[in-house]
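Chain A is already provided as a structure; the job is to place chain B on it using the hints.
There are 2 protein chains.
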Amino acid sequence: MNDLQIANSVAPLPIQQIAEKIGIDTEKLEFYGKYKAKLPLDLINEEKARQSNLILVTAITPTPAGEGKTTVTIGLNDGLNRLGKASIAVIREPSLGPVFGIKGGAAGGGWSQVIPMEDINLHFTGDFHAIEKANNLLSALIDNNIQSKTRNLGIDPRTVLWKRAMDMNDRALRTTVVGLGGKNGGIPRETGFNITAASEVMAILCMSKDLEDLKERFARIYIGDRFDGSPVLAGDLNAQGAMATLMKEAIKPNLVQTLGHHSAIIHGGPFANIAQGTNSILATKMGLSLGDYVVTEAGFGSDLGAEKFFNIKSRSAGLSPKAVVLVATIRALKYHGGKSLKELTQPDVAALEKGLPNLQHHLNSLSSFGVPVVVAVNVFSSDSEEERKLIVDYCQNQGVSVALSEGWAKGGEGCESLGSLVIQAAEKCEKSFTPTYQLEDSVEEKIKKVAHTIYGASGVEFSSIAKSQLKKIEKLGYGQFPICMAKTQKSISDQEKLIGRPTGFTITIREFEIAAGAEFIIPIAGEILRMPGLPEVPAAESVDISADGQISGLF
Amino acid sequence: MNDLQIANSVAPLPIQQIAEKIGIDTEKLEFYGKYKAKLPLDLINEEKARQSNLILVTAITPTPAGEGKTTVTIGLNDGLNRLGKASIAVIREPSLGPVFGIKGGAAGGGWSQVIPMEDINLHFTGDFHAIEKANNLLSALIDNNIQSKTRNLGIDPRTVLWKRAMDMNDRALRTTVVGLGGKNGGIPRETGFNITAASEVMAILCMSKDLEDLKERFARIYIGDRFDGSPVLAGDLNAQGAMATLMKEAIKPNLVQTLGHHSAIIHGGPFANIAQGTNSILATKMGLSLGDYVVTEAGFGSDLGAEKFFNIKSRSAGLSPKAVVLVATIRALKYHGGKSLKELTQPDVAALEKGLPNLQHHLNSLSSFGVPVVVAVNVFSSDSEEERKLIVDYCQNQGVSVALSEGWAKGGEGCESLGSLVIQAAEKCEKSFTPTYQLEDSVEEKIKKVAHTIYGASGVEFSSIAKSQLKKIEKLGYGQFPICMAKTQKSISDQEKLIGRPTGFTITIREFEIAAGAEFIIPIAGEILRMPGLPEVPAAESVDISADGQISGLF
Chain A
9 MNDLQIANSV
19 APLPIQQIAE
29 KIGIDTEKLE
39 FYGKYKAKLP
49 LDLINEEKAR
59 QSNLILVTAI
69 TPTPAGEGKT
79 TVTIGLNDGL
89 NRLGKASIAV
99 IREPSLGPVF
109 GIKGGAAGGG
119 WSQVIPMEDI
129 NLHFTGDFHA
139 IEKANNLLSA
149 LIDNNIQSKT
159 RNLGIDPRTV
169 LWKRAMDMND
179 RALRTTVVGL
189 GGKNGGIPRE
199 TGFNITAASE
209 VMAILCMSKD
219 LEDLKERFAR
229 IYIGDRFDGS
239 PVLAGDLNAQ
249 GAMATLMKEA
259 IKPNLVQTLG
269 HHSAIIHGGP
279 FANIAQGTNS
289 ILATKMGLSL
299 GDYVVTEAGF
309 GSDLGAEKFF
319 NIKSRSAGLS
329 PKAVVLVATI
339 RALKYHGGKS
349 LKELTQPDVA
359 ALEKGLPNLQ
369 HHLNSLSSFG
379 VPVVVAVNVF
389 SSDSEEERKL
399 IVDYCQNQGV
409 SVALSEGWAK
419 GGEGCESLGS
429 LVIQAAEKCE
439 KSFTPTYQLE
449 DSVEEKIKKV
459 AHTIYGASGV
469 EFSSIAKSQL
479 KKIEKLGYGQ
489 FPICMAKTQK
499 SISDQEKLIG
509 RPTGFTITIR
519 EFEIAAGAEF
529 IIPIAGEILR
539 MPGLPEVPAA
549 ESVDISADGQ
559 ISGLF
Chain B
9 MNDLQIANSV
19 APLPIQQIAE
29 KIGIDTEKLE
39 FYGKYKAKLP
49 LDLINEEKAR
59 QSNLILVTAI
69 TPTPAGEGKT
79 TVTIGLNDGL
89 NRLGKASIAV
99 IREPSLGPVF
109 GIKGGAAGGG
119 WSQVIPMEDI
129 NLHFTGDFHA
139 IEKANNLLSA
149 LIDNNIQSKT
159 RNLGIDPRTV
169 LWKRAMDMND
179 RALRTTVVGL
189 GGKNGGIPRE
199 TGFNITAASE
209 VMAILCMSKD
219 LEDLKERFAR
229 IYIGDRFDGS
239 PVLAGDLNAQ
249 GAMATLMKEA
259 IKPNLVQTLG
269 HHSAIIHGGP
279 FANIAQGTNS
289 ILATKMGLSL
299 GDYVVTEAGF
309 GSDLGAEKFF
319 NIKSRSAGLS
329 PKAVVLVATI
339 RALKYHGGKS
349 LKELTQPDVA
359 ALEKGLPNLQ
369 HHLNSLSSFG
379 VPVVVAVNVF
389 SSDSEEERKL
399 IVDYCQNQGV
409 SVALSEGWAK
419 GGEGCESLGS
429 LVIQAAEKCE
439 KSFTPTYQLE
449 DSVEEKIKKV
459 AHTIYGASGV
469 EFSSIAKSQL
479 KKIEKLGYGQ
489 FPICMAKTQK
499 SISDQEKLIG
509 RPTGFTITIR
519 EFEIAAGAEF
529 IIPIAGEILR
539 MPGLPEVPAA
549 ESVDISADGQ
559 ISGLF
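Protein chains in written order, with the numbering used here: chain A, 9 to 563; chain B, 9 to 563.
In short, the hints are calculated from the structure, not lab data. There's no promise every hint is true.
Since the list gives no way to pick one copy over another, a pair counts as held whenever it fits inside one copy or between any two copies.
To be verified - Pairs of lysine-lysine residues, derived as DSS-like cross-links and limited to a Cα-Cα distance of at most 30 Å, are as follows: (1) Lys498 <-> Lys457; (2) Lys93 <-> Lys436; (3) Lys479 <-> Lys456; (4) Lys93 <-> Lys56; (5) Lys439 <-> Lys456; (6) Lys191 <-> Lys498; (7) Lys498 <-> Lys256; (8) Lys191 <-> Lys217; (9) Lys157 <-> Lys505; (10) Lys217 <-> Lys42; (11) Lys42 <-> Lys256; (12) Lys456 <-> Lys483; (13) Lys157 <-> Lys350; (14) Lys347 <-> Lys498; (15) Lys480 <-> Lys350.
This is chain A alone, in the form it adopts within the complex (with noise of 0.2 Å):
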């Protein structure tokens, strides 16, 4: 059975009867549909979310497939309800504009995944369409502004970098001009979209505290300048009231189900490579406010995706994780001991051992944190015993908690013995984590700060337009945000050939951008694409939809 053949399999639960497990009263709920629910912001507590154990799922550097952190995460959360531990998974909502390209769904895989997972998939309750609005809102104020005779603010349109965003792998949408045809149609001028998963308006939703903070970062948004050099927010377009009014029911986080019938928080889902890459915040306190275990992922390898959850999101919200999930997959390391993508399901002992020092880079990395480690095996069907046999060995010769993860295949019964290492590590960790750089530090201090502890790298390098982007930086006040680096997810480094454990290598920083309503500055280190383009054959064309409404192509 593929995926979706799966998640039809099990028939969900009214999605009352998973609130009250969670003690959520079903007046509470708004429901979308039978199956899915938004929860108003004051179930959130605090305190109780302060005393609660937050789970952080990461993983070495992954191939293209990804190395199945969703899946891990569902299977632990539905582990450690088999093993009596109140858990909520908090995740990510998936982007619909990569259901229709290469990648299909991502609400898990197998008998770890989130339900209903179509509608997941799909529009879901509509969260990705607010930021959509709010973010093109923006825009259009913004070119309705620079074509105004009476209320002119004087902007450069050659210096807006605030872009339209649509949820879709559309590559003609990159580079566009606007403002054509005429008197008509405004000044013309070149921009573009990103995808909505790599906007700033994403970022915010998921840095905001409440309401009132989101419209406030929202004024706070960095567009570009005016003629006179000075710089324009999207509070002197008066747009942030309207804004925030178009994520009224967005910034409440969704509830429903894992295929194992616990509850799943699913809220916000910003890019990890150019943006936070975990779900909002507000999501996170929630789950910890209603259960005692959060287990919750961060996009792509720990190089990117734990790096921002420590220093940007758990910092900001005065969270720290009781331990560390790392995921590997037997076929990541033969593919970063030198095999290529089709030869990964063929046994290789030998091209597994030398993609060890990915996953010791990693655990090394993690270390800086001063949080528990326990790494999970994602097992594949392809997985030789002897192979499953040198990483678990690998792991214990020094130490380091392991356990197989059979989310995949068994559901939560699969990861029982991984949650049992999590509970062991959580309750054993008793501080608060390390942060790699502090507030405090320059820009360029926090970027060779974790560019040697987090990557490994022997020096940074900053062009020169960098240099002087930095002296602005300072200079309009951004320099005590953190920083959300972008880079290849593909490489610990920042080229993206090299795999495995790269050393020596520098990391070059070609530019900054200012996400100044999500407060984070981003260095850009290397190509980094906001807008994904559809492949020859686009998943798009399999997708079909029967008379009764039966979804196929989905997977």
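Below, chain B without anything else, positioned relative to chain A:
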């Protein structure tokens, strides 16, 4: 109190209570929060639908502010319920774009509104978003194919008529160039965006009989031509399955309530100048299945909305209204009598008298359909007694049913006398309507019949482009489609400055568009804007939300 304050002064009933009143089991509802629900299509009962009474609300030629058709529709619906009739209001969904432009909300007014007003005017149940995504997925597939190496259909980018859609007043998107930025960005070409309500996907939704029909219509969308001149359909890109999948919830009508706690079904919202301008066929049939009366409306004046309601929608769906309510306002008639917009609140019997021929024209052209007409004078506090008497006498003197409609100030109570006249009319209506043209007529003949019978034009001229397109339309086999006239709503003619009752004018068809999926031919008479812009002071700037979620500035 403004509309938002009035709407907020009434506590809505839980939507299951509203549903219960019209015999819908709670189990059948798909909740969207507490006060909105989607209705499954199996609630449609074709036989019951044929027996119920369909009441169409249309209007004289409107001023830019609109003459309150939706307000009359909702008020009349509540009035009919007060008179003991099981009546359901079936109306269009408002477009989000204009809410932030100049217009504010569009969910009725005063004490004749549908609630929750904010939700209905913002994202509602996400139908517009789904339409936009289905539209834009097709766009992405087109541009992906144009740059495809292995599966290129040979689409000539210069001929692609299909545009992207966005529900936003954003003039800078009217004309764009996409695909810039080198190889990475696809093949550059000129294109643009329509506001979502003006998209063919919206038109198709409103014409579809079921999910299968929707999908088949998507497959038949005419996109443009190949370099060899042959037509390319959406089906050639295998787009229809994914497009229909995106629409699986959007195809279901939405249930909300009026301020009088009666049922209102809201579904679909196509433009009335460029598309058919009425809610979905599915929603109308669902209303007729669940109630004995359905009060529905068609956009703009009767020359646009009502003509299309009869000749396109009713013909295709096998519907026939039992009565037509023609909404007139004293202010609009004074406008047609030559007064400026600013002078309309001043009593002016002479101007009113001078404007009456506009009303007379709509009465005459509506009589061609052979369905009884009731005039509803939608009263404003600025009307004088003398003015009201004049218009009532004018109608009564020629035997036309007429009533004052006080829905804004008094809700259903203010529409009881109108309701009584409507019931009388419906009860005596025994035959189906007479269409203006036959489907077998040539496209040219259809246009001439509408121009003569409905507009009172003395002739029709075709540009040379239009003439050559006519040949192409017949060649492509689309000649049997009904026509969906695109012309200004500001005049009965195609020249917006010809207010009142113009005579001796000629209609000029400049060009044609083909909506092969919606199944109509769009003759374009005059400049039709499919993407509005924002005004100098966008309404968005006044919209705000407080920390506890109270919205202000929507009206």
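Q) So which of the earlier hints does this model not fit? A) 7, 8 and 15
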